[in-house]
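Participant: Listed below, chain by chain, are the residues.
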Amino acid sequence: MPATEASIMSTDILEQRSRRDARNERLFRWLLKGCALIVLASLLGAAGATLWGGRDAFGTFGWHFLVSSEWDPGNDVYGAMVPVYGTVATSFIALLIAVPISFGIAVYLSEVAPTWLRTPVSSAIELLAGIPSIIYGMWGLFVFAPFFADHVKPWLTSNLGNKPDDGKLSWVAEHVPFVGKLFGSDYPFGASILVAGIVLAIMIIPFISSVMREVFQTVPTRLKESAYALGSSTWEVSWDIVLPYTRSAVIGGIFLGLGRALGETMAVTFVLGNAMHLSASLLDPGASIASTIANQFSEAAGLQKSALMALAFLLFVVTFIVLLIARLMLRRLASKEGR
Amino acid sequence: MLINHKSPLRFAAVAALAVASTFGAAANATDITGAGSSFVYPVMSKWSAAYAEKTGNHLNYQSVGSGAGIAQIKEGTIDFGASDAPMKAEDLQKFGLGQFPVVVGGIVPVVNIAGVQAGQIKLDGATLAAIFMGKISNWNDPKIAALNAGLSLPAGKITVVHRSDGSGTTFNFTNYLSKVSPEWADKVKFGTAVEWPTGVGGKGNEGVSQYVRQIKGSIGYVEYAYAVKNKISWVNMKNAAGKVLSPNAESFAAAAATADWAHAKDFNLIMTNAPGDQAWPITATTWVIMYKSPKNAVNSKVAFDFFKSALEHGQEAASALDYVPLPATLVSQIEAYWTSEFKH
Chain A
1 MPATEASIMS
11 TDILEQRSRR
21 DARNERLFRW
31 LLKGCALIVL
41 ASLLGAAGAT
51 LWGGRDAFGT
61 FGWHFLVSSE
71 WDPGNDVYGA
81 MVPVYGTVAT
91 SFIALLIAVP
101 ISFGIAVYLS
111 EVAPTWLRTP
121 VSSAIELLAG
131 IPSIIYGMWG
141 LFVFAPFFAD
151 HVKPWLTSNL
161 GNKPDDGKLS
171 WVAEHVPFVG
181 KLFGSDYPFG
191 ASILVAGIVL
201 AIMIIPFISS
211 VMREVFQTVP
221 TRLKESAYAL
231 GSSTWEVSWD
241 IVLPYTRSAV
251 IGGIFLGLGR
261 ALGETMAVTF
271 VLGNAMHLSA
281 SLLDPGASIA
291 STIANQFSEA
301 AGLQKSALMA
311 LAFLLFVVTF
321 IVLLIARLML
331 RRLASKEGR
Chain B
1 MLINHKSPLR
11 FAAVAALAVA
21 STFGAAANAT
31 DITGAGSSFV
41 YPVMSKWSAA
51 YAEKTGNHLN
61 YQSVGSGAGI
71 AQIKEGTIDF
81 GASDAPMKAE
91 DLQKFGLGQF
101 PVVVGGIVPV
111 VNIAGVQAGQ
121 IKLDGATLAA
131 IFMGKISNWN
141 DPKIAALNAG
151 LSLPAGKITV
161 VHRSDGSGTT
171 FNFTNYLSKV
181 SPEWADKVKF
191 GTAVEWPTGV
201 GGKGNEGVSQ
211 YVRQIKGSIG
221 YVEYAYAVKN
231 KISWVNMKNA
241 AGKVLSPNAE
251 SFAAAAATAD
261 WAHAKDFNLI
271 MTNAPGDQAW
281 PITATTWVIM
291 YKSPKNAVNS
301 KVAFDFFKSA
311 LEHGQEAASA
321 LDYVPLPATL
331 VSQIEAYWTS
341 EFKH
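The listed protein sequences correspond, in order, to chains A and B.
The opening residue of the first sequence carries number 1 in our numbering; numbering runs sequentially from there.
The opening residue of the second sequence carries number 1 in our numbering; numbering runs sequentially from there.
Simulated from the structure, these hints should not be mistaken for laboratory data.
The reader is advised that the hints may include incorrect statements.
Derived DSBU-like pairs (lysine-lysine); straight-line CA-CA distance at most 35 angstroms [said to hold, decoys possible]:
no.	chain 1	residue 1	chain 2	residue 2
1	B	LYS229	A	LYS305
2	B	LYS231	B	LYS135
3	B	LYS231	B	LYS143
4	B	LYS74	A	LYS305
What the simulated footprint calls covered on chain B by chain A, stretch by stretch (three residues with Cβ under 8 angstroms from a Cβ of chain A suffice, anywhere in the stretch; the number is not a length) [stated by the list, open to error]:
no.	stretch
5	65-72
6	159-167
7	188-201
8	207-218
Don't be surprised by glycine CBs; every beta carbon is placed ideally from N, CA and C.
Between the sequences and the hints, there should be enough to build the whole structure, so can you do that?
Facilitator: What follows is the structure, given as structure tokens:
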């Protein structure tokens, strides 16, 4: 076979192949774009549908819907203050507890724990993340809330609260502002904003800690070993080397957990007490946006249904604001790094 | 059972034949769908199992809540809806619907007070309303003591437990409180969910039972079956006739029998605070709602046949689940209503 013929054939094949490659590349790009657009479309669709469903409530109550703490189906008057406050407060408590514990778990697993222990403990954490929320809710209702009411709450109300059982104000309640109000309660049972926050914390610890552990493992050994060689302790390495190196990923993990806490429904419904009253006390029952919707949607009609849809839209808004704050925080941290 | 492992093909063929014959049989039967009240769900499923055995017709009942049941029957996506609250006459007329009660149940106040057993404490409607308003907040209140001569009640804060979810139980309970307390009727009103002046909310009858068992000094309200099942102390109530009664099948049935059904158009009557001597004051019923001239006449006919056999022969199944069957006079009124109002 002459050499020229072969080379012509091969260029033909090459051309064909490059054309095919280009076509496949275009298809692949469209496919990727489609995937991203689906997310965007479903987000806009859900937000738009809730806003549309809630138009009656927004139209009837206007700005009053956001600031009113009244939720009165009997007289058809609705305000979102109590559920919005309950959602934010429980999620904030959850983060306050979950972040330090998750940090401890992640540091222990990536820096301190013996190698043979790392895999079983991390699998256990991932297993915890897979437990359905209703199980946390039932555990909270049947086990944790009664325990809290019998053993923790009496101590809190008598040592920190402004309504102690024996009527004598403790030193803390008398001298530190707000603390007395936060821990004062007339109700003799567990279900409350604080308990919901604690149960939520237990639920989001697996998420935050597994993200933290993953990213801690990406820190180059070179950096850590250098710090150790200079005489740093494990704490100094974790706080000054590992955490700054992984900061944005860690904050991403925290916000993943926060997202789950804000939208959690079943577990919160079981342990929050479902009372539509605004109270400064963390030991009083409250309501969250998700729990209110889950409770009332099936039997709601007319304006009440619209108010619940409006609540769902507010959950979008609250989540959006929280993410916005996270972005701003990240930007400020990045600018402080002094590159 | 013997399976010939050497010829899996033959086994598969036999299995396929068996499956085909099952579906073949089902194809001749009519499947009807209903949706609504979760209160009647247990008895509906029991009735439908018995009915399927007898006739081969299956009932698919979705316990989605009364509100959703009404919404679905209005859209015509189901053969009947079931609601714990009756529909208003003008709404029925607008959509061409009719309604009738199918079963009766009792709602009981339940308490958790140290040393107080089921049926030991007595309350009347006004006092009950005052407790749920937060006006009476201690168990040693003189108004409670006046009703309970001889029973020493410990001083202790009253914690009110109510339903957090919208429900027919709440509808009937708050309806009763509205009838016995003008203040309640004026401020809180009644409905499947209300703005409770005080207390905590448990999800479902289970949630309320659980809270009442956990919280010392609490008072809540549940369907009778839950109080019995969870062994919570119920309260004896003074009824409209001034008699103090225990909640049980007889007193629920008496309420159903003494309610003035004959003068209630479309059975639009909420049974609470019934006048009879032996009538339990917080008795509830569930209405089935159907089209008077249905689009799917075959399904509708089957549905009527189902309710006919349920009302005439399903009493035992209902009683076993702590419901109360409708009294015979009411059943005959319902059957007269069927022939006069419905085309089938």
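Participant: Taking the hints in turn, state whether each one holds.
Facilitator: Going down the list of hints, with the structure as the test:
1. B:LYS229 - A:LYS305: holds (33 angstroms)
2. B:LYS231 - B:LYS135: Answer holds: LYS231 of chain B to LYS135 of chain B is near 28 angstroms, not above 35 angstroms.
3. B:LYS231 - B:LYS143: holds (26 angstroms)
4. B:LYS74 - A:LYS305: OK: LYS74 of chain B and LYS305 of chain A at ~17 angstroms, within 35 angstroms.
5. 65-72: holds (count 6)
6. 159-167: holds (count 5)
7. 188-201: holds (count 12)
8. 207-218: Per the Cβ count (8), the hint holds.
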